[in-house]
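J.: Chain by chain, the residues run as shown.
2 protein chains.
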Amino acid sequence: MTALIRVGIAGYGNLGRGVEAAIQQNSDMQLVAVFSRREPTSVTLLNAEVPVYAMAEVEQHQANIDVMILCGGSKTDLPEQGPYLAQFFNTVDSFDTHAKVNEYHAALDTPAKKTGHVALLSVGWDPGLFSLNRLFGEAILPQGETYTFWGKGLSQGHSDAVRRVAGVKKAVQYTLPNADAIARVRNGEQPVLSTREKHNRECYVVLSQGADAETVCNSIVTMPDYFADFDTVVNFIDETTFDKEHNNMPHGGFVIRSGVSGTSSKQTIEYSLKLDSNPEFTASVLVAYARAVHRLACAGEVGAKTVFDIAPGLLSPKSPAQLRKELL
Amino acid sequence: MTALIRVGIAGYGNLGRGVEAAIQQNSDMQLVAVFSRREPTSVTLLNAEVPVYAMAEVEQHQANIDVMILCGGSKTDLPEQGPYLAQFFNTVDSFDTHAKVNEYHAALDTPAKKTGHVALLSVGWDPGLFSLNRLFGEAILPQGETYTFWGKGLSQGHSDAVRRVAGVKKAVQYTLPNADAIARVRNGEQPVLSTREKHNRECYVVLSQGADAETVCNSIVTMPDYFADFDTVVNFIDETTFDKEHNNMPHGGFVIRSGVSGTSSKQTIEYSLKLDSNPEFTASVLVAYARAVHRLACAGEVGAKTVFDIAPGLLSPKSPAQLRKELL
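First to last, the protein sequences are chains A and B.
Here my numbering is used: the first residue of the first sequence is 1, the next is one more, and so on.
Here my numbering is used: the first residue of the second sequence is 1, the next is one more, and so on.
Treat the hints as calculated values from the structure; they're not laboratory data.
Only a predicted model underlies this, so the values are computations on that prediction, with no experimental measurement involved.
Check the hints yourself; a few may be wrong.
To be verified - Simulated crosslink set (DSS-like; lysine-lysine; CA at most 27 angstroms straight-line): (1) B:K266 <-> A:K170; (2) A:K152 <-> B:K244; (3) A:K152 <-> B:K113; (4) A:K113 <-> A:K100; (5) B:K170 <-> A:K266; (6) B:K266 <-> A:K244; (7) A:K266 <-> B:K266; (8) B:K318 <-> A:K100; (9) B:K113 <-> B:K100; (10) B:K266 <-> A:K113; (11) B:K170 <-> B:K244; (12) A:K318 <-> B:K170; (13) A:K266 <-> B:K244; (14) B:K244 <-> A:K100; (15) A:K325 <-> B:K114; (16) B:K152 <-> A:K266; (17) B:K266 <-> B:K244; (18) A:K318 <-> B:K266; (19) A:K325 <-> B:K152.
With these hints in hand, go ahead and build the complete structure from the sequences.
T.: Structure (structure tokens):
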């Protein structure tokens, strides 16, 4: 029997918890430790038998971890933790600050190459699976246009903006793909669409006692940057309903490549996700790619990588012959 | 400037013509020769300046071709041509006899390794892009079910069967995914569905003079194996409409992975294709993978490969840094 892949988690929030759950679904992997900047005794895992250590002592655990999955945020955690941890571990992360991706790639590549590790960045669904589909789309149908739509999905930033409106007790905001825009793209029209034209916004709001619905609604739909230029629907609901129906983190979206082959054949490739839990799905992608990272490291590869560099077969626990037989 | 990738085509039918058209859309590639078992002067290409040679003299052209795209059929052509041509060229083919894929892999692997070539088999959309999506689906959501639906697509075998019915002058048969079955899968029900439950059949028939529609319809819908167990619709149309609307080769389908993460979050990944021209799309996939084969060969790789073994970035003419910047 092959040894289990020993995985560590650095950072234990929603994403870290999702990674722990995803590892439990993969019988060739084992979660061996969680590292946190919080006091370790204050961190409660799904499986109480897995040890939690202080992030400060992570370096001492090098010999026991095959792949470290970084579950911190892209804004401040990963730019610091990524290059630091790549000195000691093979790593996978979900870095999603698009404008800085080549800079972050370089910051990981140097320590990873120096110490003989693989550092896989920007794994998840966007960046990640959506990126792959954008690449396949334009490589296969070079004459065409690619469209990315997001939603239906909870937007944290927009929910916060609604909650700051006077008279709002609780609120969430969902981004929705615009149905007309999707229909035009699917129809092969290759329209020019801004992000705004591709998306609508939907709010669910619980009013504070005595607040006026019309005033609140008006404050929301006219809010500059966030809502003014979008088609926005505001739904007022009672608190019981809110607590019951709006405590999840759904998300999803579409990547559509609309192209033409030969002289005039319309060809459409569509990839879509409908996710009950955004962090759990991102975690599931991270865990599958952790398997690939372990295999690449075993094969002697080093340096920073992205999903573009990973042969898909490496994601599966099955052998190449089994994959050909069962899935090709 | 980098030299153009010099591509050859072995076999010039619908697929070969699609490959020629697809190469014209890729500015880093050049079609240098077509090989045919027919008399070369009888083969008319889209671009009359490209030479056509007899398949028998293919060996003489080794030095001038970086990748040979094999456009023969899986039943008799590829099992013979694949292993033969892998001795002289890096190859890509669309072998789709599922039950023999590991046997064919072995038959290519030996000559390719012996002579230092890469032989990429079973490229297209199914096998090919659909296979990749089946792999991603189960690797990312190990707790779940994968569903493949085909259509709307022209089925050659079923069209032939309808044409053999007495009273039928012209006919085509389209396979359609069953809308109810797709809805149940998208809804996360994970139903158990046979191929028959997943598909309907739709025929367009031009009657011979004096033929009785009801008799013909009955002969079709009760035909064992082909139609008897399916929900089949027969549409009678006039010959002018038939010639105008049913001379294309549309196809497509869906790969849906319905899974559960964490304790109970439903997660759905859906990939779909809607193709005006099945052979042109398959050709477009072959050409993108020919680029990957050339790069692998330049990097010193040898032997038989499948889409599972190919890092997606190799399909694109863009550099890794450009891919990260534009698509990640």
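J.: All hints are to be evaluated individually against the structure, with a verdict given for each.
T.: Checked hints:
Between K266 of chain B and K170 of chain A, the direct Cα distance comes to roughly 25 angstroms. Compliance with the 27 angstroms bound is thereby established for this hinted pair. Taking the CA atoms of K152 of chain A and K244 of chain B, the gap is near 40 angstroms; set against the 27 angstroms cutoff, the hint is violated. Distance restraint check for K152 of chain A and K113 of chain B: the Cα-Cα separation of roughly 49 angstroms exceeds the 27 angstroms cut-off, and the hinted pair is therefore not satisfied. With a CA separation close to 20 angstroms, the supplied pair K113 of chain A and K100 of chain A stays within the 27 angstroms bound.
Between K170 of chain B and K266 of chain A, the direct Cα distance comes to roughly 25 angstroms. Compliance with the 27 angstroms bound is thereby established for this hinted pair. For the given pair, K266 of chain B sits about 17 angstroms from K244 of chain A by alpha-carbon distance, which is consistent with the 27 angstroms threshold. Proximity of K266 of chain A to K266 of chain B is assessed by CA-CA distance (about 33 angstroms); at most 27 angstroms being required, the pair is judged violated. The straight-line distance between the Cα atoms of K318 of chain B and K100 of chain A is roughly 19 angstroms, inside the 27 angstroms bound, and the hint therefore holds.
Distance hint between K113 of chain B and K100 of chain B is fulfilled; the C-alpha atoms sit about 20 angstroms from each other, no more than 27 angstroms. This hinted pair does not check out: K266 of chain B and K113 of chain A have alpha carbons roughly 39 angstroms apart, beyond 27 angstroms. Using a Cα cut-off of 27 angstroms, the hinted pair K170 of chain B and K244 of chain B holds, with the two alpha carbons roughly 13 angstroms apart. For the hint pairing K318 of chain A with K170 of chain B, the CA-to-CA distance comes to about 46 angstroms; that exceeds 27 angstroms, so the pair is violated.
Between the alpha carbons of K266 of chain A and K244 of chain B the distance comes to roughly 17 angstroms, so the proposed pair stays at or under 27 angstroms and holds. Taking the CA atoms of K244 of chain B and K100 of chain A, the gap is near 52 angstroms; set against the 27 angstroms cutoff, the hint is violated. Only pairs whose Cα atoms come within 27 angstroms are accepted, and K325 of chain A paired with K114 of chain B is accepted, the gap being roughly 24 angstroms. Restraint check for K152 of chain B and K266 of chain A: the C-alpha separation of about 14 angstroms stays at or below 27 angstroms, so the hint holds.
Our distance criterion of 27 angstroms between C-alpha atoms is broken by K266 of chain B and K244 of chain B, whose separation comes to about 44 angstroms. Straight-line distance between C-alpha atoms of K318 of chain A and K266 of chain B comes to about 24 angstroms, which keeps the hinted pair within the 27 angstroms bound. Distance restraint check for K325 of chain A and K152 of chain B: the Cα-Cα separation of roughly 26 angstroms lies within the 27 angstroms cut-off, and the hinted pair is therefore satisfied.
Going down the numbered hints, you'll see the structure goes against 2, 3, 7, 10, 12, 14 and 17, while the others check out.
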